[in-house]
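Q: As a plain string of letters, each chain reads:
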Amino acid sequence: MINKVVAGADEALHDIGNNVTLMLGGFGLCGIPENCIAALLKKGITGLTCISNNAGVDDFGIGLLLKTRQVKKMISSYVGENAEFERQLLSGELEVELIPQGTLAERIRAGGAGIPAFFTPAGVGTEIAQGKEVRTFEGKTYLLEHWLRADFSIVKAWKGDTTGNLVYKGTARNFNPMMAAAGKITIAEVEELVPAGTLDPNQIHTPGIYVQRIFEGKGYEKRIEQRTLASTKV
Amino acid sequence: MINKVVAGADEALHDIGNNVTLMLGGFGLCGIPENCIAALLKKGITGLTCISNNAGVDDFGIGLLLKTRQVKKMISSYVGENAEFERQLLSGELEVELIPQGTLAERIRAGGAGIPAFFTPAGVGTEIAQGKEVRTFEGKTYLLEHWLRADFSIVKAWKGDTTGNLVYKGTARNFNPMMAAAGKITIAEVEELVPAGTLDPNQIHTPGIYVQRIFEGKGYEKRIEQRTLASTKV
Amino acid sequence: MLDKTGIAKRIAREVKDGMYINLGIGIPTLVANYIPSHLNVVLQSENGLLGIGPFPTENEVDPDLINAGKQTITMMAGSALFSSAESFAMIRGGHVYLTILGAMEVSELGDIANWKVPGKMVKGMGGAMDLVASAKHIIVAMQHCSKEGASKLLKSCTLPITGVRCVKRIVSDMAVLDVLPEGGFKLLERAPGVSTEQIKNATAGRLVIDGEIAEMQF
Amino acid sequence: MLDKTGIAKRIAREVKDGMYINLGIGIPTLVANYIPSHLNVVLQSENGLLGIGPFPTENEVDPDLINAGKQTITMMAGSALFSSAESFAMIRGGHVYLTILGAMEVSELGDIANWKVPGKMVKGMGGAMDLVASAKHIIVAMQHCSKEGASKLLKSCTLPITGVRCVKRIVSDMAVLDVLPEGGFKLLERAPGVSTEQIKNATAGRLVIDGEIAEMQF
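Protein chains in written order, with my numbering: chain A, 1 to 234; chain B, 1001 to 1234; chain C, 2001 to 2218; chain D, 3001 to 3218.
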């Protein structure tokens, strides 16, 4: 099998430059590539187009890259959990493209799967439909949506092996598997890196073919946005 | 959770009639729903349109239903491993629609995923392209292909739980997961039926939402088409 | 008039045995608390889970297990986890039977607006456009009027819409209403202490009142 | 002239470290036996496996583990199993770098015909149309001529084609040839004991011979 292991986030991101398009896995702060975000921050590259369902919070996740003005454009379904984001958006410093969450997920899946376009019902009759081809199938109306691909996809998994096979945990899976397949270069950071042959082949979420570089991350914070307990008055 | 358990193949197929469209999981004889095929044979319904990657062999799998003339039409990617199939096809008794394997898999996936049509490069410039919309994206040409759905999808899994969650084994997974999602009614037969909560939620291949009826099958033969050993002279 | 809990309780009565349901953020999330325990239903979280359980105890908290509102949750026995693509395949494919979500406005044709107020900060539509375009049955939880008293059940939406002709039923703080296929809000039930006259005055779109309207029961 | 084993051995030399490869049924399957063991490559089986291993011993035989030719197989350490939809997503998305497959005819523009002979029993294209439409690099293993001596390297295919302008390289029993972007077969190597003149006579499509053509090495 093919060994994809690199030492860490810095080596994984060594050839990433300004103005690239990045996909970053995660839903809210759940399943985000914390090590790589820290390395991007340190590297200081700018003009990034980030495709990510959300944009982090003020002091964590992609929010950190917003604060340092490294992000030129966000392509997301739900944003604005943070004040700096709002300021940059309203002042016109930051471009934002909002896409329905299912359409975003499927456009990324299409990117990895070699499907340049597909029809989906989400957004028909709304401002999302502007400029898009509309077509009716079996009495229901759909929009034509195109694939999304990235120069680099950066994903986070629970376990991974040296050949790049990945297993996610809980709802930290979210956008990571589709993004892994849609990057020209895909970088995976994992909580636990194991030798090839350790993971059950029947239970791989992302086959290693999609992953070019893998490393074991460290110091995961896994911040919680809404700590809601059984005893919490909602 | 919702209990989907039925006693066996006869109960699972109680409301299936003549002239329905069926999806049947499996690749060759690997991962086919043996119990349900036997029950269909016994039930004797006719005029079936079967969507299945292959058509079995003379004396096993869908080949059994061909012998009894229960199948009106096969929609497959690779057929003709058996003499009776060939006879019916050449005599015009059996209709056959051949679809590239990846297009077949994706059309079924689209059926379950609510995507009425998508573009794929397979078959461009060939007779498969006749009558289909052709469009160029980023310099490459694609065909528009439509979803496939079925009145009943019949799949085979390794393990399943009472809520319909399924886990497949080895390459017996093949077409089963997409078919499970593309049936109006999906019937799953499993080698081992376990209580809800037994399977790891992180390792479910087909979420129970896609499955309407499930039962533990018996007497699996799992015939091998090409027993090829390390010592075999190929 | 119903408070948020009242709306959630009334919507819970719409839930039937065997349903797969997606609950939106806000009042819809509260509905889970009032679904009778003898019903077997499965709650879907669009970030990748079938089988949402109760909120966790302190010891059960897992940062890798959240719902679409980013709240920590638990899983029921028999749950399944999956990717966002699979989740919306499930939604788009019509496998999630019922969607319950909030609205800022609903039109008498069933259009819904709930994602954007021009001139205000736009946070995005999240999964709402997919959900309203796909679910077989859509129930809206909403306030009948704005704080200023303006009706939110309109002839046509004034805000940018999330989906067209998709809302089937509305449970507001004042009433339960169906959106008729030909257009119009058909009044089904009054909230406790609310008169038909009050509902008439609070509904800007076409209101259809057929005979005596009973007060809702819980 | 090369026999089937010879063709497979010569194609094995095209395999480079780090490649993901799909091997078709027949001669291409034999290629696996001759890939140098120091190369790290991964073989894909389009029915849902990355990491095909050797054929099993009697004790290892598992009916739930077969390749696209329905032969029993084993898995390498580090393998991954998946559905047919994922498998062809992988193929269609260009993740499988090299496809090696058989052909009945190839045209000088790189069209390939390998799935249908009109008037004879049609078995179907299986995954071949997806593979040839998607892989970055396609090598064809074939006989240069029919049993009757008719060339199979043609100006244009006479049989129904499987894909257009997709074949990059051909390894036949007589030669190694590249399909030029502008059309034409560029002769690269002669099989042992086969003369340039013999290849010329056996090639109906435009043959490009540039200088002295060496005999192939193994």
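Because the hints were derived from the structure by calculation, they are not lab data.
It is possible that part of the hints are untrue.
[As the list claims (entries may be wrong)] Dumping the calculated EDC-like pairs for lysine to aspartate or glutamate here, alpha-carbon to alpha-carbon at most 16 Å:
hint : chain 1 : residue 1 : chain 2 : residue 2
1    : A       : K159      : C       : D2210
2    : D       : K3186     : D       : E3148
3    : D       : K3123     : B       : E1138
4    : C       : K2123     : A       : D15
5    : A       : K72       : A       : E97
6    : A       : K222      : C       : D2178
7    : C       : K2123     : A       : D10
8    : B       : K1042     : D       : E3215
9    : D       : K3123     : B       : D1058
10   : C       : K2120     : A       : E86
11   : C       : K2116     : A       : D58
12   : B       : K1159     : D       : D3064
13   : C       : K2123     : A       : D151
14   : D       : K3123     : B       : E1191
15   : B       : K1222     : D       : D3062
16   : C       : K2123     : A       : D58
17   : B       : K1222     : D       : E3215
18   : A       : K43       : A       : D10
19   : D       : K3116     : B       : E1127
20   : C       : K2116     : A       : E86
21   : A       : K169      : C       : D2062
[As the list claims (entries may be wrong)] Facing chain C, from chain B, some residues (calculated, C-beta under 10 Å):
hint : residue
22   : G1044
23   : T1046
24   : G1047
25   : Q1203
26   : Y1210
27   : G1219
Glycine included, each C-beta is placed from N, C-alpha and C at the ideal position.
Q: Work down the list of hints and note, for each, if the structure agrees.
A: Here is what the structure says about each hint:
no.: 1; hint: K159/A to D2210/C; verdict: violated (61 Å)
no.: 2; hint: K3186/D to E3148/D; verdict: violated (24 Å)
no.: 3; hint: K3123/D to E1138/B; verdict: violated (33 Å)
no.: 4; hint: K2123/C to D15/A; verdict: violated (33 Å)
no.: 5; hint: K72/A to E97/A; verdict: holds (11 Å)
no.: 6; hint: K222/A to D2178/C; verdict: violated (43 Å)
no.: 7; hint: K2123/C to D10/A; verdict: violated (32 Å)
no.: 8; hint: K1042/B to E3215/D; verdict: violated (63 Å)
no.: 9; hint: K3123/D to D1058/B; verdict: holds (15 Å)
no.: 10; hint: K2120/C to E86/A; verdict: holds (10 Å)
no.: 11; hint: K2116/C to D58/A; verdict: violated (22 Å)
no.: 12; hint: K1159/B to D3064/D; verdict: holds (13 Å)
no.: 13; hint: K2123/C to D151/A; verdict: violated (26 Å)
no.: 14; hint: K3123/D to E1191/B; verdict: violated (31 Å)
no.: 15; hint: K1222/B to D3062/D; verdict: holds (9 Å)
no.: 16; hint: K2123/C to D58/A; verdict: holds (15 Å)
no.: 17; hint: K1222/B to E3215/D; verdict: violated (48 Å)
no.: 18; hint: K43/A to D10/A; verdict: holds (8 Å)
no.: 19; hint: K3116/D to E1127/B; verdict: holds (11 Å)
no.: 20; hint: K2116/C to E86/A; verdict: holds (14 Å)
no.: 21; hint: K169/A to D2062/C; verdict: holds (10 Å)
no.: 22; hint: G1044; verdict: violated (31 Å)
no.: 23; hint: T1046; verdict: violated (30 Å)
no.: 24; hint: G1047; verdict: violated (27 Å)
no.: 25; hint: Q1203; verdict: holds (9 Å)
no.: 26; hint: Y1210; verdict: holds (6 Å)
no.: 27; hint: G1219; verdict: violated (27 Å)
Consistency with the previously given hints fails for numbers 1, 2, 3, 4, 6, 7, 8, 11, 13, 14, 17, 22, 23, 24, 27, ordered from lowest to highest.
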